[in-house]
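Trainee: Residue numbers (our numbering), protein chains in the order written: chain A, 1 to 125; chain B, 1001 to 1287.
There's no promise every hint is true.
Heads up, simulated DSS-like pairs for lysine-lysine below, C-alpha to C-alpha not over 30 Å straight-line [unchecked claim]:
1) A:LYS94 <-> B:LYS1246
2) B:LYS1046 <-> B:LYS1015
3) B:LYS1207 <-> A:LYS94
4) B:LYS1168 <-> B:LYS1058
5) B:LYS1015 <-> B:LYS1039
6) B:LYS1234 <-> B:LYS1046
7) B:LYS1018 <-> B:LYS1046
8) B:LYS1207 <-> B:LYS1234
9) B:LYS1253 <-> A:LYS94
In short, the hints are calculated from the structure, not lab data.
These are the residues of each chain, in order.
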Amino acid sequence: MRESTLWFWHIIAGAVIFVFLGLHMFIMHLESILGFLGLGYGGDVTSAQSVFMRSQQGFYMVTYIVLLGAALYHGLYGFRNILFELSLSRTLEKIINWFFALGGLALFIYGTYVTVFIFFNPTAV
Amino acid sequence: MSETSAPEVQSSDLKVIKNVTFEILRYSPEKDEAPRAQKFQVPVIKGMTVLDGLLWIKENLDASLAYRSSCRMGVCGSCGMFINGLPRLACNNQIVHLNADTITIKPLPNYNIIRDLVPDLEGFFDKHESIQPYMIREQVEELNNPTGEFFQSPDELVDYIQFAYCIKCGLCLSACPTVATDDNFIGPQALAQAYRYNVDSRDEGAKEREEELYSSHGVWRCHFAGACSDVCPKGVDPAFAIQLLKQNMFMQKLHVHKQKPATHVIPWVAEHIPNEKIPKAPERTVK
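Let's have the full structure, built from the sequences with the hints guiding it.
Mentor: Okay, structure coming up:
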């Protein structure tokens, strides 16, 4: 049942990635449409200034953190599953579980820290 | 009353159509270090199956050739082999239909070889047994001392009937790419049978099967390659059953899973009144 719960969140994370990655693609590649709708930035969306401007907005900060969590979980769980198909011993499976869980958590904390730090310290960059 | 007799065998039916080379992988653990290929020339007649070819070789060329077979009609599932690159039943495939001058026969992949074309199916049956492929009821007393029959409607039968056609030939496991890398994966056969019993309206054992079914080597390891369904000689669709098992668990997690109503017991039919329109069965010829 534990595996079912992990898989359930894997699917949910996939759905979250689909939505947020769609949003990312829309912002990055369809800026002319956004501009037409009055939602554009009026400049190059890939420029450092534009990226910095977005990271100052609460909506984007939350979006980045949710996308980071979903992508990390989805990717690491998928990679762990691929490794599990190599007929590993139970001990090695446990080591892999802990490695991915702790590694994923560390990356998430670090990524969240950077996002939140930039949001609250606009002069730091 | 008309009398029907067996159709006469025409001499043209027994005429040799062509000679085909059987390239068979031989392996005798006490003699060989590794499997080796051996070629045999087989005269093919109309309607001859690959199994007939193997029988002909055993009778006429090499009596030491080992393979499993029993019913000769795709029912028992004994003669599963890797024929011309696909897991197939030897009795279910006519040589001319393979449309080849050389027929390569190997034991089923993903199994250890006992001898020649005989795979070791012990692990396969262990996996099958692990999902408790039998009726589980909370009313154990009713199972042991039945007072009637568990009711099942024709619609409820349709829910699982296609999965009940499994003959346990093991072809699906030999075609499965996940089984090829993960020995611990339960495999399509056992998973399809778990689904077959879980959706059976008379069964109440879904909870008991959950631990094995949804373990780290259970349904979630299936990549949905669909090879199992492609090679099944009985038209069972194990890949579909696995997706339905996944769907059921996902819905259960979302708390929108439809709970199966318990089947009630209907009493025995006290007095059987035969339908007059159905003619009586003839007398038994064997006493």
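Trainee: For each hint, tell me whether it holds in the structure or not.
Mentor: Hints, one by one, checked against the model:
no.	hint	result
1	A:LYS94 <-> B:LYS1246	holds, 24 Å
2	B:LYS1046 <-> B:LYS1015	holds, 7 Å
3	B:LYS1207 <-> A:LYS94	holds, 26 Å
4	B:LYS1168 <-> B:LYS1058	holds, 25 Å
5	B:LYS1015 <-> B:LYS1039	holds, 23 Å
6	B:LYS1234 <-> B:LYS1046	holds, 24 Å
7	B:LYS1018 <-> B:LYS1046	holds, 10 Å
8	B:LYS1207 <-> B:LYS1234	holds, 28 Å
9	B:LYS1253 <-> A:LYS94	holds, 25 Å
In terms of the numbered hints stated before, the structure departs from none.
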